[in-house]
Amino acid sequence: MQWFMTFRIALRALARNKLRAFLTMLGIIIGVGAVIAMVAIGEGAKATIRAQIASLGTNVLVILPGSANQGGVRFGSGAVRTLVDADAKAIARELPAVAFTSPLVRRQEQVIAGNLNWATLVQGVAPEVQQIRDWDLADGRFLHEGDVDSAAKVAVIGETVARQLFGNDTPTDEVIRIRNIPFRIVGVLSRKGQSSQGADQDDTVMIPYTTMQKRLMRITWVQTILVKAVSAERVEEAEEQITILLRQRHRIGPERDDDFNVRNLSDIAEAASTTARVMGILLGSVASISLLVGGIGIMNIMLVSVTERTREIGIRMAVGARSRDIMLQFLVEAVVMAATGGLIGILLGIGSSELLKKWAQWPTLIDPGIVAIAFFFSGAVGVFFGFYPAQKAANLDPIDALRYE
Amino acid sequence: MSELIRVLDLYKTYRMGDVEVPALRGINLTIARGEFVAVMGASGSGKSTFMNILGCLDRPSSGRYFLENAEVGSLSADQWAYIRNKRIGFVFQGFNLLARTTALENVELPMMYNGFSSRERHARALEVLGLVGLGERRDHTPNRLSGGQQQRVAIARALVNRPSLILADEPTGNLDSTTSNEIMTLFERLNTDQGITIILVTHEHDIAEHARRQIAFKDGVVVSDSSKRAWAGAVR
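Heads up: the sequence lines are chains A and B, in that order.
Residue 1 is where the first sequence starts when you use this note's numbering, and the numbers rise one by one after that.
Residue 406 is where the second sequence starts when you use this note's numbering, and the numbers rise one by one after that.
Extracted from the complex, chain B is given alone in its bound form (with noise of 0.2 Å):
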């Protein structure tokens, strides 16, 4: 399988007045095409600043990162609007919809951003609803959706541009038992039909079972990767 993420000696420190902060302490990863990894550890543990740089939202302090064997950490602003258009799918805690806007409307907005013709933006947003199995609530508000349902949006929205990863940031978390085992089938179900590499933060336990990998962080590092002993056999 192909190499699509790859970080090296990763530092991010926060200053906070005169203190610094360390957040991230060399961390070393490499994630392949394909993967379904869940990344895991308490508050503070530097797994959202690790996302946050892998989501192209942040600068690492040092170190390289490497998405489809590019370095993108040292890009422009404006490159990385696009890659995050048209490479990274976001998904939220909060869903963060826009209010007042139609699920179409809502996962039509990263389409918004790349120049597409409103009737391919059409005929794509109800693809991919399709996909999450809202087709037919299309024309809804999120304050007339469940939170289940506003998360499949989310999702729907995260797959409009055909990202090669998907970026999902405790997505269960503001959701009950039930509809999380939905949503995380649903992402089990992209990651096997569509290939579609998906990266999960979440302090759950059993939701990150669902996930083929999981990486724990602590203090910054990472402290243990389930799939290290595999992935190493496997290079050698």
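Chain A on its own, in the form it takes in the complex (with noise of 0.2 Å):
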């Protein structure tokens, strides 16, 4: 028999009780709806992690000072002072698996332009400090090495900061007040949004590291170097060749610890990563339970089906059906059902998520791919579930059948 009839044979015999088939079909509706909605949950939070760690810069390292030890007293992280901007130099001019570094000097300050004052995150950096972090522009310049020479008196502010100070005039070639001392206004950065704790990244002004150091805090050392690593695959081998140089440039002896501590960041995005994926699988399978029971629904019908339809089968059987022909009409009928579930499954799921995207500001990504394994999954499910009622159908004695009242 050909397959188109066999089709038309199926769609008839649905068509004949509607409501029940819509019924067994509800349940691969829900299950697969329920796996393509939580599954571009789960890609959502993952995307968004991603996002929010790629703002921090990829391939990132941060060295801080380490702990000292003086006679017993132990003194926590960043409590000696011995990195200075030399070291970030070095580290950028010596270490092949560096790209970039930059000195890092911050303070909170109360920033005053004109009548208005805003307190923020004051950060002394390098003009590389833009490729570490991978931040644009919206408007004037960045940092140039000659402001860093000069210490000058310039800065690059966030866009929070460009908004609070300014509203909606532009912000450059003004002048912002800190600690009394003017700082002309080069540069407005872009927005980045929030960091992966929740921090505001635009609340910030950025202005030359030697500034800093000299005319806000009157030090020589610095708080932070930030190095980017030449590609995600180098993170690790910067990490080493790092600490070897920094133990010889800080004279440290072979028993004694590293008075630095490096951090890679892609560690802290690994492991928000792999939250997010946890996430997205536990969704998932609580999901494809549901698509099981759909599956179960459907085989459930298509018994009641077979032994309703047994005189049907003996008449199909008496005028010459073979018992393939059978078993294939309700196999048919079975992945028929479970595959028009699953397309209007994958609609419902993709229009429950966007309205999530759209109502609740959840950041939902669907997933091609999981749309056609949903898809597939669906039809496996109706030839799984519909192979031991079709086959049943098929091993009827055909007398039997017959008689069948």
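Errors might be hidden in some of the hints.
Across the chosen pairs, the derived CB separations fall in these ranges [as the list claims (entries may be wrong)]:
(1) V383(A) to N586(B): 46 to 56 Å
(2) S448(B) to W3(A): 37 to 47 Å
(3) G449(B) to L347(A): 54 to 64 Å
(4) H545(B) to F7(A): 19 to 29 Å
(5) F22(A) to N586(B): 40 to 50 Å
(6) F22(A) to G449(B): 46 to 56 Å
(7) V383(A) to G449(B): 42 to 52 Å
(8) L347(A) to G538(B): 47 to 57 Å
(9) F7(A) to G449(B): 39 to 49 Å
(10) T597(B) to F376(A): 58 to 68 Å
(11) V626(B) to F22(A): 49 to 59 Å
(12) V383(A) to N433(B): 48 to 58 Å
(13) F376(A) to N433(B): 57 to 67 Å
For the record, the hints were derived by calculation from the structure and aren't laboratory data.
Even glycine gets a Cβ: it sits at the ideal position worked out from N, Cα and C.
The task is to assemble the complex, starting from two chains supplied on their own in separate frames and drawing on the hints.
This is the structure:
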């Protein structure tokens, strides 16, 4: 018997019991819809975390001063003041795995512009910080090498600071005062959003680190050195090279502990995306269970249908249907139900994830691969759960089937 | 006339738990092409079992069954399905039409299992519906047809693949006597005009009178065969 004919027979059989067919499909519809929506939520969360991590800069290492141990008293991290800007320059110059470095000196300051003021994080940095943190400019220019060399009183401000101090006006070439020192604004950073810890990354002012050291804080050391490795594969290599180089530069003997810490941001990224992945798998597997339940529903109804239509099966066999024709007929019915349910479920899943995105502001993300898998899976559920009822139908004895009341 | 059916020493025994119930106990029969045979007998006489075996629906416990000079008793289930489809038409007491399916589609059903195009199926189904006098009821579903009309649809379905044999199991059992006569007249016409061999199971004598040969079963054996003498004479 031709495939087309089998399909027509199956469709007609389903059309005869529309409500039942729909209710049976509902299991698959809900199952597939739930899988699609849940995975979309999981993927969305993962993508958000990834974007947050990326906004910190990719392949970034952070060097912090280590702890000090003086006569048994152990000071916390950052207690020693051994990191200097020359370390940053040496790391960039001598290590092949390192692309950029920047010293970082920062402090919370009150920033004044005209009659407005705003407390924000003032960061002393080198121009390379722009590459390290992948940060674009909305207006003007970033800090120059010359600004650093001359400890110039220039600043680049974040989007939040621009809004708080200047509203809708253009801040470029305006003047802000920090501790009574006037700084000319040379540029405005583009919006970066929240960090993975929820801090507003745009609430910041960047000035040359030399200006920060000499004019605001009167120190010679740096609090942090930011390092960008040349690629994700070479982050660990960079970490090892930095440790060796800094131990040499700080003249640390073989038995003594490092006076600095090298932190790898990709570890944090890894942990965060693992969390998101676990959440995605959890949501997906809960949803898969409902798909399974939908499949059992199909099997249940197909078994009822085979019993109800025993006589029809007998008639078909008497007029020449082979076992496999009967088998195919019922299998196709199950698969048509499952696949139709799958298609509707996909639409439902996409629809509800779009609604979540629109109304609940959840960052959902539809993965076309998951959609394809869900459709394939619903078809497979039809085959798997339709097989037993179809086989039962095909194995009926025509004489008994014809006599069935 | 050429031989259509020959059964040799046909036995059929059913097992019911530990008890063996013999249904057929050595049947030897020959039926020629173009015959109209009534098989008679009380219930339990083995006539239904005999018909099931002739219809390739059931296997004999022993013995041989030749249809058109080929042994079919030992064929596979799929080969049997092919024979039922191509060479045998069934008519049942309870009509056995598919519910909520039009007369035309019911008649087309056997043609769905042998690869005809839908146009060929339509044309042939309309032709046989006309033959049984139901051409204008093609779009009616069984619940809108009378018993006699339903049985005519069933006969059209049996005819659609041009079988050489029609097996009718109590075809008038659910019909009143007027309608029964109409159906029997239709069978007679098909037998004489189309030359189709018809084997009919019945327990009513006046129905059996329509056939030209009557075979009576009792306790699994043939107890009388009206044409035995005539046929025996012809063979000699």
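Structure-based check of each hint:
no.	hint	verdict
1	V383(A) to N586(B): 46 to 56 Å	holds (52 Å)
2	S448(B) to W3(A): 37 to 47 Å	holds (44 Å)
3	G449(B) to L347(A): 54 to 64 Å	holds (60 Å)
4	H545(B) to F7(A): 19 to 29 Å	holds (25 Å)
5	F22(A) to N586(B): 40 to 50 Å	holds (48 Å)
6	F22(A) to G449(B): 46 to 56 Å	holds (47 Å)
7	V383(A) to G449(B): 42 to 52 Å	holds (45 Å)
8	L347(A) to G538(B): 47 to 57 Å	holds (51 Å)
9	F7(A) to G449(B): 39 to 49 Å	holds (44 Å)
10	T597(B) to F376(A): 58 to 68 Å	holds (60 Å)
11	V626(B) to F22(A): 49 to 59 Å	holds (56 Å)
12	V383(A) to N433(B): 48 to 58 Å	holds (49 Å)
13	F376(A) to N433(B): 57 to 67 Å	holds (59 Å)
Of the numbered hints stated above, none is contradicted by the structure.
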